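Asker: Residue numbers (the working numbering), protein chains in the order written: chain D, 1 to 363; chain E, 1 to 363; chain Y, 1 to 363.
All copies of an identical chain are treated as equivalent in the list; a pair is satisfied when it fits inside any one copy or across any two copies.
Capping the alpha-carbon separation at 20 Å, the derived lysine-lysine pairs in PhoX-like fashion look like this:
(1) K311 <-> K326
(2) K311 <-> K202
(3) K340 <-> K326
Source of the hints: derived by calculation from the structure; they are not laboratory data. Note that this is a predicted model, so its numbers are computed, not measured.
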Amino acid sequence: MAGSTGNFHKIGDLAAHVGGTVLGDAGRLIDRCHGLMGAAPTDITFVSNVKYMRQLATTDAGCVVVGRQVNQASIGRQEKPPLTFIQTDDPYFAFRQIVVLMHGFRRHAAVGISPLAHIASSARLGKNVNIHPFAYVGENVIVGDGCNIYSGVTIMDDAVLGAECILYPSCTIYEQCVLGNRVILHAGVVIGSDGYGFATHKGVHHKIPQIGNVILEDDVEIGGNSVVERAAMETTRIGMGTKLGNGVVIGHNCHIGQHNLLVSQVGIAGSTSTGHHVVLAGQVGVAGHLHIGNMVTAAAQTGIAGDILEKQVVWGTPSIEIHQAKRVFAQLAHLPELVKRVRALEAQLEKLKPGGDHAEPGG
Amino acid sequence: MAGSTGNFHKIGDLAAHVGGTVLGDAGRLIDRCHGLMGAAPTDITFVSNVKYMRQLATTDAGCVVVGRQVNQASIGRQEKPPLTFIQTDDPYFAFRQIVVLMHGFRRHAAVGISPLAHIASSARLGKNVNIHPFAYVGENVIVGDGCNIYSGVTIMDDAVLGAECILYPSCTIYEQCVLGNRVILHAGVVIGSDGYGFATHKGVHHKIPQIGNVILEDDVEIGGNSVVERAAMETTRIGMGTKLGNGVVIGHNCHIGQHNLLVSQVGIAGSTSTGHHVVLAGQVGVAGHLHIGNMVTAAAQTGIAGDILEKQVVWGTPSIEIHQAKRVFAQLAHLPELVKRVRALEAQLEKLKPGGDHAEPGG
Amino acid sequence: MAGSTGNFHKIGDLAAHVGGTVLGDAGRLIDRCHGLMGAAPTDITFVSNVKYMRQLATTDAGCVVVGRQVNQASIGRQEKPPLTFIQTDDPYFAFRQIVVLMHGFRRHAAVGISPLAHIASSARLGKNVNIHPFAYVGENVIVGDGCNIYSGVTIMDDAVLGAECILYPSCTIYEQCVLGNRVILHAGVVIGSDGYGFATHKGVHHKIPQIGNVILEDDVEIGGNSVVERAAMETTRIGMGTKLGNGVVIGHNCHIGQHNLLVSQVGIAGSTSTGHHVVLAGQVGVAGHLHIGNMVTAAAQTGIAGDILEKQVVWGTPSIEIHQAKRVFAQLAHLPELVKRVRALEAQLEKLKPGGDHAEPGG
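Next up, chain D with everything else stripped away, as it sits in the complex:
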């Protein structure tokens, strides 16, 4: 867990950094970012999820980054001394800016090119590249300036990395794949393995050569042990700024749009495309040869079996519009009672029918 940065910041300075307004003691000193739970008097923290708002009544945090609507009066804090707030328009993003300022990102040691790495003689390495022991860089590979390649990474022949990519341990990039700038691959990620392509003939599944590649555009980040298959013939593409969680699988020939969020364990079958700003929550599955429109959101575990129009929010397997899905699921738990009600209706109606037990009121 993060310790003190050893470096104190005035709350007023932090507020200025994020364009926020201080409510309280702008001169107070802060040396660490921390979650709301357990925050100490020299910590800065934040609340953006209303679920945690009531913890503001008791926290000992030195400062809390909040939305414009939160203030001393709104939080029901009675026993403890008043809190110091930084009010902002977007507290989550503002707090992120403060974390970057105070703690920053992981520092990558300037190890240079390890003599224990294997670098093919035809590979071309940019400036300020760090390559750790037991990394493998194949023939004709191009590594851009400022890349960090950790232990156990394999980059097969003819792959290309842009500038400032970070490849964590034991990633594999298959041949001819292309990474843009600032691409981050967490440990165990596989880029460009063969697509699941077999032609079944007389009961035998014949492997189809997968002669395409993968392109990851700028600022793509991919979580641990995810897999992106290479295209059968052209390119599997992940658009600029798109972030994949852990254990995600992207099938061959997919074209994933820009600024998508594909959360952990999502699976997308081959030849499907997505627009921009698509969000697929955890364990969502998408069938092949579909198109998911711009700004579509799918809730966790949704199974998508048909095209989804722009801006739709969907849930369920097969997926339906989320408000309808919520109504369906609310009723689904009562299905056994509904069956009983129908049975009761049938019995009552039987009695009301001409010839039924009590069906002849006028008889």
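Here the structure of chain D is known, so what remains is to put chains E and Y in place on it, guided by the hints.
Answerer: Showing chains E and Y alone in chain D's frame:
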């Protein structure tokens, strides 16, 4: 993406290679296989999915491999010059044969045994084996002729590989596991890790030694980051010709039959067996101690909690026959309206009852 | 598969070892543990699942560990000679004790510190540590006594391992993560990769530095290719004795309790906590910021979207109490017929209404 092969083939020769019939210019020259979208005049492509058939009206492809029923008249191509077709009985397989002929499979560099690999002195290596830097081959391991073992692969003691296996980077084979001939493991695959076996006693989960192994029969291919657990005592087996996608998990003691297709993110719990030609689509889950009959197919995300008889096609959690499942899901989205209809019936019936508001028509 | 141990044990001695009672020939000799199917006359096996009880009629096993209620009379064995049993209170745990006695756990070769490993000069290694070729141990890492670190493992700077941990090939431990004693990580496991934390601002997903860590308490075991994200600011924690299957993903800031069983392909989103003895079956998904109470069980593929109270057993997406879920799923398959019944009721009621075709019985 695939470039020109630098080698031109006459369409007539390609048709002869696959037993197809040329409709159009058999002398035309082709130098690349390509998807239908964006195919150029010297490209050959194919259509087997009706979804893409209408693109035949406008494609610039030099040749299209199609089924016997497709011809110039059937495709509504008016603005563009006529297409040249190769008609075949099985266009997907025929096109695969042409990709193999024109592009072939990945070429594995004849690197021999890298001095940067670790090969135990008791290991026995066949002829024409390539072992890349940072691969680890344990004691008494046997590696068949023509195997390719990439960087970062670990083969633990007493494992056996048949001929012409390909182990992509950072795969792990635990001790005593056995691979047949032509087995392909993509990057990050784990074969023979301990089964999830714990005996819970007084609230503590006690690990059970997993003393069995895994056998992968001939022509098995396994996608990136999949895991096959070793048996508790005997053998976890994957049958000949079976293909696993990425992120698949096979539990200990499973016996997976021949020529199965287990698509990405499928999970099968321990001691389950499958017959031959079983197809489990993406994210399907199967409980333990079950049997899935020959030629069963399960649609994506299906959850199987009981034995499935031969040739059944199932969907849903818990799984049911797929036509019934489709009817169920079609109605499910309308469940809230059904509840309203039942409520309306109840209200109407209440009125019709003796003593109800309007229930005494003869009164 | 396991061969003979080369070491014979009297059934009476094995029974004494587990506090069991011999029914039959206590002097008979046993040299191997084996599953019930195919067990030979010098094998010991067990039955705890009633599903397999009928195989006792025909097995050739030398001895079967069973519950107190099983005996010669209860198994319908007629054609074969009588079986020898060891009756115990907990046959699965007793058999586990016998497997440990007779076969034991994997032996780790005493290879010491490989000259082909990279050990930072500031790392501190305990006694009897084995580190295989191509393992990487970073600056200031502490490795406890008796640890085994296999080929291709990367331990980044400032991480700490307790005593007797086993890290199988190609695992990655990110910086500052802490493992207790006897932690087992199977091949490809990733501990402490960055949490999926992005602040979206003006359509761009800005990475939030993930400055926390992961703590795995004593006796945690994690299956192949699972991923545990580091906390955004404090600690992602997996409690003592908890066992994760393969392909499991634990999001940042989760606090998983003690003695949990999280089966293969489970996914838990960020900031969720679980009590002790929670069981999540295969492919279960849990949303973020929730609490799952002590001793909760969720059946396979369950989707949990709200807090779950202690001792609940749940199933379905969204999850409901399991008995209710079973009733719902039983009716769900008949939903189309229910719709027909409602339609029939509507038609009948229409006729009964005043003004309907046959609605004037007294008219």
